[in-house]
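Q: Residue-level listing of the chains:
Number of protein chains: 2
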Amino acid sequence: MSADAPAPAGRGVPRRLDRDEIDALLHAQRVARLGCHADGETYVVPLIYAYDGSSVVAATTEGRKISMLRSNPRACVEVDEYDADGRGSWWSVIAQGVYEELTGAEIAPALDLLRDRFARAAGRTAEPRAVGPDVVVFRIRLAEVSGRAVDR
Amino acid sequence: MSADAPAPAGRGVPRRLDRDEIDALLHAQRVARLGCHADGETYVVPLIYAYDGSSVVAATTEGRKISMLRSNPRACVEVDEYDADGRGSWWSVIAQGVYEELTGAEIAPALDLLRDRFARAAGRTAEPRAVGPDVVVFRIRLAEVSGRAVDR
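Chains as they are written, first to last, in the working numbering: chain A, 1 to 152; chain B, 1 to 152.
Hints in this document: simulated from the structure, not taken from any laboratory.
This one's a predicted model, so the numbers in the text were calculated from it and none came from an experiment.
From the three backbone atoms N, C-alpha and C, an ideal C-beta is built for every residue, glycine too.
Some clues are possibly wrong.
Stated by the list, open to error - Selected chain A positions facing chain B (in silico; Cβ < 10 Å):
(1) Val31
(2) Ala32
(3) Leu34
(4) Thr42
(5) Asn72
(6) Tyr82
(7) Ser92
Using the sequences provided together with the hints, build the complete structure.
A: If you want it as structure tokens, here you go:
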């Protein structure tokens, strides 16, 4: 839409995203912000992910977020896009989810999903890590997903 | 840096940001992700903010995040920039902080900071709200700030 195009109806008024719009945003983005909480502390980290339609899948190294998620698997996943149209429009999805560490035969399909996602992606924002001894492959199974947008 | 320029030293290896780099990122960005936690639930939301050198300042309407922050003022602020150079480099700052609701004479300087920030900003990503009866002006006073980057 050009800067001179008419404003959409409801311009500037927050609206709820429907399920298709939520899935589209989760498929389109590559960096989520993951919120976890343990021992009285809340921690938010960027998370390079792929979306399989019901979970956010990621591979990372052992560290603070993994130890927190093992302690408390209830997590929040937030994905957004700001100003992609140059008009200040934004979309945001927030989901409550549960951390599940992948083991055995679950690991290969998850890594395939990540490889496929980032092979399709333009640019080099994110490349899944090679699996090494300190790499953890996991998913956050999403529930209570909601999305909002402001169109300008 | 052009795509053909030599890679910087330490390319692809995470490094810690120093205090000046942390402040530069906090001043440059306009959208933080705020993590809060109450009643067993962690919640991450995008937050349009201005940085005053020690706190993230914002104005928002009453709602879920404000009620959670009033219940538990310990919060996490995450700010990042992905792929600004088209090479996949990223910077991220994560801070633990404390929610402080502004009242009385504290409100006007905070709104001035927000107006100044967004008057300087190119584009229309974010415009501070006008103050109305349901608007809450607050800061998250940052402590335990750390930053990481990967240069590619």
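Q: Hey, does the Ala32 of chain A contact hint survive, CB to chain B under 10 Å?
A: holds, 9 Å
Q: Can Thr42 of chain A be said to touch chain B, with a Cβ gap under 10 Å?
A: holds, 4 Å
Q: Does the interface hint hold: is Tyr82 of chain A within less than 10 Å of chain B, judged Cβ to Cβ?
A: Holds - the Cβ of Tyr82 of chain A comes within 10 Å of chain B, reaching about 5 Å at its closest.
Q: Return the status of the interface hint for Val31 of chain A: holds when the least beta-carbon distance to chain B is below 10 Å, violated otherwise.
A: This interface hint holds because 6 Å falls under the 10 Å limit.
Q: Is the interface hint satisfied for Asn72 of chain A? The criterion is a beta-carbon contact with chain B at less than 10 Å.
A: Where the cut-off is 10 Å and the nearest Cβ of chain B is about 8 Å from Asn72 of chain A, the hint holds.
Q: Does Leu34 of chain A pass the interface hint, meaning its C-beta sits closer than 10 Å to a C-beta of chain B?
A: The hint holds - Leu34 of chain A has a Cβ within 10 Å of chain B, the shortest such distance being about 8 Å.
Q: Identify whether the interface hint at Ser92 of chain A stands, where standing means a beta carbon of chain B within less than 10 Å of its own.
A: At about 6 Å, which falls below the 10 Å cut-off, the nearest Cβ of chain B leaves the hint on Ser92 of chain A intact, so it holds.
No hint from the list above goes unmet by this structure.
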